[in-house]
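Chains A and B are the protein sequences, given in the same order.
Count along the first sequence from 1, add 828, and you get the number used in my numbering.
Count along the second sequence from 1, add 2, and you get the number used in my numbering.
No farther apart than 25 Å at their CA atoms in a straight line, the calculated lysine-lysine pairs in the DSS-like style are these:
| # | chain 1 | residue 1 | chain 2 | residue 2 |
| --- | --- | --- | --- | --- |
| 1 | A | K1092 | B | K324 |
| 2 | A | K1091 | B | K324 |
| 3 | A | K1030 | B | K324 |
| 4 | B | K324 | A | K946 |
| 5 | A | K840 | A | K1091 |
| 6 | A | K946 | B | K269 |
| 7 | A | K1149 | B | K129 |
| 8 | B | K303 | A | K946 |
Calculated from the model, a selection of chain A residues having no Cβ within reach of chain B, i.e. all distances over 10 Å:
| # | residue |
| --- | --- |
| 9 | Q877 |
| 10 | P993 |
| 11 | Y1012 |
Just so you know, the hints here were simulated from the structure itself, not pulled from any lab data.
Virtual Cβ for every residue (Gly too), placed ideally from N, Cα, C.
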Amino acid sequence: MNETITKFKSSKYFGITVLVAMAVLFWGIFKILSPSNFGSSKLLRDYLQTSIQYAVGGCGFYFIVVMGLFDFSIGANIVLSSLVGVLLSRQFGYYGLILGCLVCGTMIGVFNGFLYSKLRIPSMIVTVGLMLILESVANYVVAFDKSGFPGKLTDAGILAFNHAPWNYVVAIIAFLLAAFFLRYTRIGTYCNAIGSNEYVAKNMGINVEKYKFIAFVLLHFFVGIMALLTVSYGRGMLAVTGMSSMDRNFKPLMGTFFGVAFKKYGCPITAIVVGEFIITLIFNGLVALNIPTTINDFVTGAVLLIIVTLTNRGRVGSVVK
Amino acid sequence: MQATSEMSEDALQDRQRVLNKLRALMPFFGFIALVVVFSILTGGKIIRFRNLKLMLSQVYVLMIASTGVFMIMTVGGLDFSQGSILGLASIVFCWVSKYNIVLGILAAIVAGAAMGAFNGLFHVRFKIASFIVTICTMYLFRGLCKYVTTNGPVPASLNVLALNQTWFKVLMTAIVLVIGYIVIHFTRVGYDLKAIGAGETAARFSGSRPNLVKFLVFTVSGAITGFASFINVIKVGSITGTAGSMLETQILIALVLGGMPISGGSKARFSNIIIGTLTYSVLEKSLPMIFPVAATQQLVKGIIFLIVVALTIDHEALKVIK
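Work out the full structure: start from the sequences and follow the hints.
This is the structure in structure tokens:
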């Protein structure tokens, strides 16, 4: 009996049960506190639609975060890829929008991965420089848009991705792809191995540089998909400067933290998706309680810190930088 | 045969020593080169007294806060919550300054130290990577800062504006730098910081107490940023929810431009703070004079940043590049 319980506690079903229980718990708390403004089935669908865009980015982030790398240029990529998508959609409709977001996003991943591996600069540093560059390139791209509505998706005919079912279709394809890469290809195995111990991974014969490069490409491919959803939801995108795009990094990162935390149960992608949903529930719960939105950042930080503290601890005596 | 081999080994070590010294001087040469190039490109405008004064006016807060982060980075940590700490400590200063300015400074330092200790506690006690803890607290403190300013900016006592004098800000910055220099170079703490950054396990066996030192470093860094908030407020007078926003990234860029090794350790030099913040300030002030479009300024800044980092980074200090 004990053995069965121990086995269950380390299985993915336990992880999923904990995640679902957390979602139900938060839903229950806010539903009790604000029964009329929160948590109806229609609102739950809205929360889910909001959360899936971040979950897609979170899936991409997982590939590098699990290896101990980081990327500050995610937000800048979302802005740039969205603007390229919008620009191309003027000429080629859906094809332009989809290909613009995905190809631009992926190409940025190739560029980031290439610079990271060739310059041999820590990812955190190289991506700060790239964030500055990508933000400014986005400003040049938007200048090419002569439609009179720079960066805006004005054609109502190409807004299928801002509502069901196509936003779900895109997100589900992204989740399945991420799960496939992690579970059924060497990429997932090697990413985890490199994250556990890079020295050992290298000694085992894993081409660490190659897989870090692939992880960057995959990250930005998923960010490209996130850009497609983000630009569709917002019906456009604004070009920014002054590192303002950095804010966009952190919502997907929250889901990734859930993924890393539940990695041990073998369900990181599920954890990312449910984790983002839980965070969206909390934000909307606070709004329903009429708490000023200015407290959102506080809640974000507190939730992240609690998750990380409960699930992501290092061993006693281990060196943590 | 053995003598020849020893000689070549000595020669190699000498060569390595010269290379290390050159690499250490690279950020300084980079700073001089930037000043020369930008002076030529702006027709000497940036080295005019008025512009130098303007440039300096933007560097005090950055330089003071960088002193604390320098210590954190020396032990191999990172701190992304500095901007939020500055914002919240500035609010504390504004509140208390209405009663007494000196009390306000002390309150800001205590508030900064408390936030730094919070970071240090989570990092050390729960063994969570410093960059993850401080990303979380960046949001946490920023959220408090925004919440407190929901109904409008928080003003400080009007008397603090009288302190907005160049000599005063230079003096305050110099005091922080001198104390920081003495601590790093002439006390056991400085030795411990570099030892822990270079190898925590070895440092522990040689008598250092990494956990205590790291906790103290985060606390002191917060206290220093708390003090920087006082300098920030005497310049701006009142605080909004976005006060100090992006300061953490500016500090990171500045220190890296100054040659600070991201992994910390023995190659961290106090000069990284001064050279780095001055280089950052020259870039910030000169680029608008040469390129009127904000996007172009940022593009050039990003490219220069990557070039400088690529040229000055010490790959030998990075055993594993994360």
